[in-house]
Amino acid sequence: MIVARNLVKTFPMPAGPVRALRGVSLSIDAAEYLAIRGPSGCGKSTLLHILGCVDPPSSGSLSFDGRAVESLSDVERSLVRLRSIGFVFQRFFLLPMLTAAENIEVPQAEAGLAREQRRRRTAELLEYVGLSHRAEHRPSQLSGGEAQRVAVARALANRPRLLLADEPTGELDRATGDQIATLLDRVHADGTALVVVTHDGAIAERAQRTLMMRDGVVTAETRLERET
Amino acid sequence: MIGRAFVFAGRNLLRQPGRASVGIFGIAAVGALLFDMLLLSRGLVVSFRDLLDGIGFDVRVVASDAAPRSGPRLSDAENLTRQIAGLPQVDEAVTVRMVDATVDEPRSHWTIGFELTAIDPARRRPWTIMAGADLSIDSGQGILLNARLADALHARPGDSIKVRVSCIADRAALAPATFRVAGIAEFPFDDERWLSAAAWTHGVLGACGGGSSVPADMIMIASREGYGADGAVAAIRRIRPGLRPATNEEIVARMQQQGFTYFRQISTVLSTITMLFGFLLITVLLTVSVNQRLGEIATLRALGFSRARLAADIFWQSVLLVGTGGVLALPLGYLLAQWLDRILKAMPQIPASMHFFVFEPRALVVHGALLVMTAIVAAVYPMRLVSALPISATLRNEVVG
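If you read the sequences in order, they're chains A and B. Numbered according to the working numbering, the first sequence spans residues 1191 to 1418. Numbered according to the working numbering, the second sequence spans residues 86 to 486.
Be a bit skeptical, because a hint or two may be false.
[Unchecked claim] To give an idea of the chain A side of the interface with chain B (calculated C-beta under 8 Å), a few residues: (1) T1236; (2) G1242; (3) V1244; (4) S1248; (5) S1249; (6) L1252; (7) E1260; (8) L1262; (9) V1265; (10) R1271; (11) F1277; (12) F1279; (13) P1286; (14) P1297; (15) L1373.
FYI, nobody ran anything at the bench for these hints, they're computed from the structure. Quick caveat, the model's predicted, so the values are computed rather than measured. The beta-carbon is built from N, C-alpha and C at its ideal position, and this holds for glycine as well.
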């Protein structure tokens, strides 16, 4: 589904350019569960954003479903993100003026779904993340774990083929983090490819493959062989 | 997309009611001033034209370009008026003389001075009767008083007053002549404190002993249907090239270039400043709002909202703020215009029936267009901020922050 070759990302800084990625190559298959680990500042989030078509690489190539991402316009890349990729952030980033249900409806509305379809899909997703009873609550009225579950539901709203999660349990306590990890397992089991950037070893252990990064390069790759 | 962006912008405004209120009421205040400046820019011109047209005569003949009573007068006015009245382009021509007159107020024994207009009997009457009766053709000594003069004299229709009239400056005043008050009238060029009256020419000239040799201030002419005011003016210029005939339109244009130009300039300067304030207010509010929502905007971009889509959100916020404020500005501006009009009309020599602030549909259209322009220009900088927002760096800063 995703093929990245020799990705380099350089950020211009007043003190001189900083190379966040120094030639990362990887491929992600459909319905794969990949974890990316490494110390802070090693380029994990930068890689995730490039894989999610949010940020262009300084050099190297990226293709999504066979399409070269660098050749796409802003609108086309936005459409790829809207329809094929879901994002879950460490700090949830729910829209504070909208209810949980409305937050889940936002990407659907943007994708042009009719109101009735949106309502049906939102109810289905709230049920999926176990928050039907919180549909009309605003983010400020939700706990951290509930807000992250709403964020997962929002990321799944347009049935993406790839879900990217950046430290999804970083703001949560252990028990709540486990609930989110279990929810992500379920998302993966239902056929969505998952890339999780995490410091949390417990989450990484759930992935089929783990990339270890340091100083902008992948230093190790481990595969978990599951019994089928 | 427009509908979604509009609804989204509305919700973004509603989430910060304080900010939205500041924007809306700020624009309402600024818009009210802008609306008033637009009414002022042409108010006197429109009002003056209405005043001239309302009198019923569409051409005025004077001896020079000076204002009535301040320049040379028309000599041999009787023959001149007769000659002009005989032109096929002219339906009616009347001689107008404005003379000084006094009356001894019987109760206080004070002498009250006023301006007496002597006018030839005519079908058209440049006044409006408020009480009593109009002058009849045969009422040689009838007189119409304006309400302030009638009050000062404690005179009512049917009363007789003794008027001393002075037609010629160096001639000794004659004994007062008795005039019968036919009615109370409103004269179009009176200001709110002016004391004035009107009577037929032969009565006034008889009272001052001047006869027809007294020069006239002006000849008012009604053009004949089918020829128009321009036709009448051209015909008068042909037979009497030394005169200064002018249509109402020409008089208005002359005033527009001379006396009224100050108001237009003031209006232009103040309109520009008010628009600048409106622009700054909305730009600052939207920029602050964008800066407060950077994380949220970056999130929406990551979720698949395009740059154009989020810029549209800012644009519609600007339109909603300016649009709502602009609508509120109309009644506010109307009330403010009434108040300012009363203040300005208190100036001396401003006819009571003239207005500085006059509504025209054109003002509404220009007001709307200027506010739309303000909304667009005010949104440019915050839209640029949104469009240029780096998604990854912003999300990272939000997490680190």
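Here is what the structure says about each hint:
no.: 1; hint: T1236; in the structure: holds (7 Å)
no.: 2; hint: G1242; in the structure: holds (7 Å)
no.: 3; hint: V1244; in the structure: holds (5 Å)
no.: 4; hint: S1248; in the structure: violated (12 Å)
no.: 5; hint: S1249; in the structure: violated (16 Å)
no.: 6; hint: L1252; in the structure: violated (14 Å)
no.: 7; hint: E1260; in the structure: violated (16 Å)
no.: 8; hint: L1262; in the structure: violated (12 Å)
no.: 9; hint: V1265; in the structure: holds (5 Å)
no.: 10; hint: R1271; in the structure: holds (4 Å)
no.: 11; hint: F1277; in the structure: holds (5 Å)
no.: 12; hint: F1279; in the structure: holds (7 Å)
no.: 13; hint: P1286; in the structure: holds (7 Å)
no.: 14; hint: P1297; in the structure: holds (5 Å)
no.: 15; hint: L1373; in the structure: violated (19 Å)
Violation of the numbered hints given earlier is confined to hints 4, 5, 6, 7, 8 and 15; the remaining hints are satisfied by the structure.
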